[in-house]
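Engineer: Chain by chain, the residues run as shown.
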Amino acid sequence: MIELQGVSKQFGALVALNPIDLVFEARKTSVLIGPSGCGKSTILRLIVGLLEPSTGRLRFDGTIISPETILQLRRRMGYVIQEGGLFPHLTARQNILLLPTHLGRPREEMQARLVELSELARLPRDSLSRYPVELSGGQRQRVSLIRALMLKPDVLLLDEPLAALDPMVRASLQTELKAVFQHLNQTVVLVTHSMAEAAYLGDRIVLLREGGIVQAGTFGDLRDRPADGFVSEFINAQRRLVVS
Amino acid sequence: MKLRLTILILGAVLLDMPAAGVLQPVVIGSKKFTESYVLGEIAKRVLEEAGLPAEHRQGMGGTIILWEALTQGAITSYPDYTGTISEEILKTRGPMSQEEMSKELSRRGIGMTGDLGFNNTYALVMRRERARRLDIATISDLRKHPELVVGVTHEFLRRNDGWQPLVDRYGLKMRDVRGIDHALGYVALANGTIDLKDAYSTDAKIAENNLVVLKDDLGFFPQYRAVFLYRLDADRRVPAALRRMEGTLSDARMTQLNAVAEQTKDYSQAASLYFRDAARGKPASLASNITRWTARHLLLVGLSLFFSILIGIPLGIWASRPGLVSQLILGTTGLVQTIPSLALLALLVSIPVLGISPVTAIIALVLYGLLPIVRNTATGIQDIAVPLRESAAALGLEPRAQWIRIFLPMASRSILAGIKTSAVISVGTATLAALIGAGGLGEPILSGLNLNDPATILQGAIPAAVLAFFVQMSFDFLDRLLIPKGLRIGANRG
Chain A
1 MIELQGVSKQ FGALVALNPI DLVFEARKTS VLIGPSGCGK STILRLIVGL LEPSTGRLRF
61 DGTIISPETI LQLRRRMGYV IQEGGLFPHL TARQNILLLP THLGRPREEM QARLVELSEL
121 ARLPRDSLSR YPVELSGGQR QRVSLIRALM LKPDVLLLDE PLAALDPMVR ASLQTELKAV
181 FQHLNQTVVL VTHSMAEAAY LGDRIVLLRE GGIVQAGTFG DLRDRPADGF VSEFINAQRR
241 LVVS
Chain B
245 MKLRLTILIL GAVLLDMPAA GVLQPVVIGS KKFTESYVLG EIAKRVLEEA GLPAEHRQGM
305 GGTIILWEAL TQGAITSYPD YTGTISEEIL KTRGPMSQEE MSKELSRRGI GMTGDLGFNN
365 TYALVMRRER ARRLDIATIS DLRKHPELVV GVTHEFLRRN DGWQPLVDRY GLKMRDVRGI
425 DHALGYVALA NGTIDLKDAY STDAKIAENN LVVLKDDLGF FPQYRAVFLY RLDADRRVPA
485 ALRRMEGTLS DARMTQLNAV AEQTKDYSQA ASLYFRDAAR GKPASLASNI TRWTARHLLL
545 VGLSLFFSIL IGIPLGIWAS RPGLVSQLIL GTTGLVQTIP SLALLALLVS IPVLGISPVT
605 AIIALVLYGL LPIVRNTATG IQDIAVPLRE SAAALGLEPR AQWIRIFLPM ASRSILAGIK
665 TSAVISVGTA TLAALIGAGG LGEPILSGLN LNDPATILQG AIPAAVLAFF VQMSFDFLDR
725 LLIPKGLRIG ANRG
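Chain order of the listed sequences is A and B.
Residues 1 to 244 in this note's numbering are what the first sequence spells out, letter by letter.
Residues 245 to 738 in this note's numbering are what the second sequence spells out, letter by letter.
Derived from the structure by calculation, the hints contain no laboratory data.
Quick caveat, the model's predicted, so the values are computed rather than measured.
Treat the hints with care, since some could be wrong.
Said to hold, decoys possible - Okay, the calculated bits of chain A under chain B, using three or more residues with CB under 8 angstroms as the criterion: (1) 75 to 81; (2) 87 to 99; (3) 126 to 140.
As the list claims (entries may be wrong) - For each label pair, taking beta carbons as the anchor points, the in silico distance ranges come out as: (4) A:Arg76 / B:Leu725: 29 to 39 angstroms; (5) A:Thr101 / B:Phe713: 39 to 49 angstroms; (6) B:Phe721 / A:Ala237: 52 to 62 angstroms.
Think of the CB as a built atom: it goes at the ideal place given N, C-alpha and C, for glycine as much as any other residue.
Put together the whole structure using the sequences plus the hints.
Structural biologist: Encoded structure:
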């Protein structure tokens with residue numbers, strides 16, 4: 001679905017991402033994980049075109065991602081960020097319907113889709129007429145998720161969507177996310193720093209460190225056949241955190 | 245270029261509406277002092293009696309402004325004095341006959357009527373009892389009193405026949421010399437802030453305030469015979485009518501008319517006295533005057549605000565991106581704001597295509613109104629958080645839609661605040677438009693200042709203050725209408 005070939009990113013002298021090759025498969029949930037500054041968010045931002053690669057190329061469903069193609073490609077992607085990225089001057093419903101309205105999609109169809117997704121994401125009906133400031137953190141992320149899914153995107157890109165939430169809300173949203181992904185048979189790329197989240201949601205996990213890929217595989221692969229000491233250390237560090 | 249054309253057309257259409265379609269009236273200008281107002285009013289009546297519709301633009305300013313307005317064609321005629329014409333306009337050395345003057349002026353396309361009959365020369369005046377106590381009767385006597393405080397008009401300070409040449413001629417050594425407005429100078433003289441000021445020999449205030457004219461014992465001041473200047477390309481009936489006034493006003497008669505004008509605060513009444521007819525035209529009621537001034541004021545403010553917004557918001561969007569262009573835009577609009585409004589008007593008036601006209605006033609107001617709008621638009625946009633900018637892009641909206649649907653609405657609170665500031669400032673600054681004959685609430689303020697009459701000043705000042713308050717209120721109302729609710733809730737919750 002998404003293919004990176006020799007993609008790297010530099011900001012001046014700072015190397016954010018060394019040249020990497022990576023493929024994200026359709027209908028799978030891929031998780032990018034690693035410590036801060038490992039380049040996991042950079043990959044996501046390259047896919048959605050907020051950054052341009054220093055070397056290499058990215059393909060989305062066969063099309064090269066470039067300034068010329070990005071506008072059309074973005075309409076086939078859903079993008080959710082940490083704080084939701086909801087526009088404060090619009091209600092939840094207006095936020096969700098912003099792009100469909102702009103593109104002139106049929107009203108009834110969108111209304112039906114909105115109802116379907118609200119139920120799926122367990123968003124209370126009355127919150128649709130509220131403004132972002134009037135919503136809780138969890139509700140904001142639900143709205144953001146619905147907004148990203150409205151046009152049935154080929155890929156859902158999630159950049160630490162649960163990081164700003166308190167643990168209770170986080171746990172329940174995790175469960176719901178999994179249900180949504182399975183129900184929609186959705187291709188997902190998720191960025192997180194939590195191994196528990198990665199293990200729970202991810203079909204495939206890509207562990208990064210200092211702008212390079214350390215290991216890619218299922219959680220079982222990483223746990224049972226770690227490529228090096230860093231992999232086990234990363235898994236165990238988070239496990240110890242849970243136990244203590 | 246296209247914009248200026250639009251301004252010119254809009255300005256011309258809206259501001260000259262009452263005149264459009266009807267016969268173009270002859271425009272008479274006058275300088276900013278009582279006698280000039282009265283002469284202008286008399287000329288208006290003389291022309292009307294000759295069957296020529298006439299309009300009188302009162303108190304437009306000093307010699308330079310009137311002369312510019314005359315040569316540029318903004319006015320057809322105005323009263324001036326032979327001394328001023330030779331010294332200030334033709335800038336000749338030595339005396340000049342009226343024939344020579346007339347010949348010299350005709351080369352510049354201007355005609356001159358004969359002498360109206362009186363000599364209003366400059367004079368130095370003091371309070372009578374103070375002059376008596378210090379034993380001062382002539383200008384030469386001032387040599388013994390360098391400690392006296394002198395307060396003369398700005399024009400007199402600069403003139404070729406003004407303060408400096410006078411000092412040289414008489415060998416005076418006055419230590420404290422200040423420039424002060426003519427009308428305010430009389431107040432300063434009365435309360436003792438200054439001891440000595442310049443005046444015109446037919447000035448009604450000399451008798452009224454018990455002042456004494458110091459004898460010009462060396463014969464320094466030139467003759468100031470009153471005449472009318474007019475454009476040679478004017479309708480032939482104009483000079484013919486104006487010439488009917490030649491030799492009809494003696495010193496005593498003019499002083500009397502000036503006194504009546506100052507006592508009644510009504511120039512047309514003084515002018516009526518000239519015609520000796522008791523049945524003078526009914527003066528416009530105060531309410532209708534204020535309505536007219538206010539309507540004109542609103543028009544000036546509205547038009548200039550409209551253009552400030554039209555230019556300011558795109559400039560602000562442009563200035564919201566960091567870089568050299570942004571600094572250039574914000575720097576230039578900021579610089580315009582630091583130019584004193586009077587100086588800006590004077591600068592614009594000196595541009596030939598603009599000159600003395602309401603369009604010039606509007607351009608000045610537009611320039612003044614730009615900064616708050618540009619700056620608030622730029623900061624409003626810059627304040628939008630980076631994740632939200634990126635979300636707008638990542639969503640798949642094209643740049644234009646991002647601006648219209650997201651960035652501008654999000655910056656609306658800041659932009660509206662800038663427009664509000666601009667509007668309120670404009671209501672105040674627009675009072676200066678009267679200086680170049682653009683009308684509005686500045687008109688009564690100027691004539692009141694000239695007459696030293698607080699009541700007349702308040703006729704302009706109070707409506708202007710009320711207007712500013714009203715503008716502020718309506719924008720507060722507009723805020724509710726135009727700023728998205730989601731932003732207003734956000735601000736209330738901090």
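Engineer: Find the hints from earlier in the document that the structure breaks and name them by number, from lowest to highest.
Structural biologist: none
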